[in-house]
Amino acid sequence: GNSVTQMEGPVTLSEEAFLTINCTYTATGYPSLFWYVQYPGEGLQLLLKATKADDKGSNKGFEATYRKETTSFHLEKGSVQVSDSAVYFCALSGDSGNTPLVFGKGTRLSVIA
Amino acid sequence: GAVVSQHPSWVICKSGTSVKIECRSLDFQATTMFWYRQFPKQSLMLMATSNEGSKATYEQGVEKDKFLINHASLTLSTLTVTSAHPEDSSFYICSARDFRGSSYNSPLHFGNGTRLTVT
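Protein sequences appear in the order of chains F and D.
When we follow this note's numbering, the leftmost residue of the first sequence carries the number 95, and every step to the right adds one.
When we follow this note's numbering, the leftmost residue of the second sequence carries the number 338, and every step to the right adds one.
Note that these hints are calculated values from the structure, not bench results.
Keep in mind that this is a model prediction, so the values were computed, not measured.
Treat each hint with caution, since some may be false.
Derived lysine to aspartate or glutamate pairs resembling EDC-like cross-links, with alpha carbons at most 20 Å apart [claimed, not checked]: (1) F:LYS199 to F:GLU170; (2) D:LYS378 to F:ASP178; (3) D:LYS378 to F:GLU136; (4) D:LYS357 to D:GLU400; (5) D:LYS357 to F:ASP149; (6) D:LYS392 to D:ASP402; (7) D:LYS401 to D:ASP364; (8) D:LYS378 to F:GLU102; (9) D:LYS392 to D:GLU359; (10) F:LYS199 to D:ASP402; (11) D:LYS357 to D:GLU389; (12) F:LYS162 to F:ASP149.
Residues on chain D that point at chain F, a partial pick, calculated with CB under 10 Å [as the list claims (entries may be wrong)]: (13) HIS344; (14) SER346; (15) PRO444.
Heads up, the beta-carbon is just placed ideally off N, CA and C, and yes, glycines get one too.
Turn these sequences into a full structure, and let the hints steer you where they fit.
Below is the structure:
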């Protein structure tokens, strides 16, 4: 079945540091890939998405590129801020039908001033 | 953009009582909604798929008699935790996909979750 593996946290960075959160997936067909962010006590918000190979999703300074050859969708940000502290989830969606998302375990990011 | 509203945001109940959680799609119709459960510092576990006009589909290991799901209309799904026990304490999140103008690869939109505490 489909699965998502992302690096375990927690990740602690200083403000303005470079962020990478690794995510790899296993799936049949051509899944769509997503990054969601969860701030403390809240639900999940879509951060960015990519629906086909070589697509780059970007939002709020975050980027991720759909790499089919390495089955990866790593999240990056050039300069993190304290407000980026949250839990980040990588997820995939199957390529047919209205299917639920499969999530990675989440990576907690803490950014300190 | 699409909004999913979940209510209540938190609830405390006594062991043995039942709790109902509502999930509404505010500006789109959702024939299917997904219910997830999240344990502290863990990922989201899919509990069930709620289907408008038919029975919900439950994931393996999820007790359908304990977690009753009713998809009453195209904009409302409810999850009722029956005879709640302390081990049911968790964060429950619903989600739905807005297909307007798009296809299956539209992202899921999530409610803000309901924190259930059973004493």
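Against the structure, the hints come out as follows:
Distance check on the hinted pair: LYS199 of chain F and GLU170 of chain F sit about 18 Å apart at the alpha-carbon level, within 20 Å; holds. Proposed proximity of LYS378 of chain D and ASP178 of chain F is supported: the alpha carbons are some 17 Å apart, at most 20 Å. Between the alpha carbons of LYS378 of chain D and GLU136 of chain F the distance comes to roughly 13 Å, so the proposed pair stays at or under 20 Å and holds. Pair hint LYS357 of chain D plus GLU400 of chain D holds up; C-alpha atoms about 16 Å apart against a cutoff of 20 Å.
A hinted pair counts as satisfied when its Cα atoms are at most 20 Å apart, and LYS357 of chain D with ASP149 of chain F does not qualify at roughly 41 Å. Of the pairs offered as hints, the one joining LYS392 of chain D and ASP402 of chain D holds, with about 12 Å between alpha carbons and a cut-off of 20 Å not exceeded. Taking the CA atoms of LYS401 of chain D and ASP364 of chain D, the gap is about 29 Å. The hint is violated against a cut of 20 Å. Between LYS378 of chain D and GLU102 of chain F the alpha-carbon distance is near 11 Å, which keeps this suggested pair within the 20 Å criterion.
Our distance criterion of 20 Å between C-alpha atoms is met by LYS392 of chain D and GLU359 of chain D, whose separation comes to about 17 Å. Distance check on the hinted pair: LYS199 of chain F and ASP402 of chain D sit about 27 Å apart at the alpha-carbon level, beyond 20 Å; violated. This hinted pair checks out: LYS357 of chain D and GLU389 of chain D have alpha carbons roughly 17 Å apart, not beyond 20 Å. A C-alpha spacing of about 10 Å is found between LYS162 of chain F and ASP149 of chain F, which places the hinted pair at or below 20 Å, so the restraint holds.
Hint on HIS344 of chain D is violated. Least Cβ distance to chain F is approximately 12 Å, over the 10 Å limit. Hint status for SER346 of chain D relative to chain F: holds, with the closest Cβ pair at about 9 Å, below 10 Å. Given the 10 Å rule on beta carbons, the hint for PRO444 of chain D holds: about 5 Å separates it from the nearest Cβ of chain F.
In the structure shown, a violation is registered for the earlier hints numbered 5, 7, 10, 13, in ascending order.
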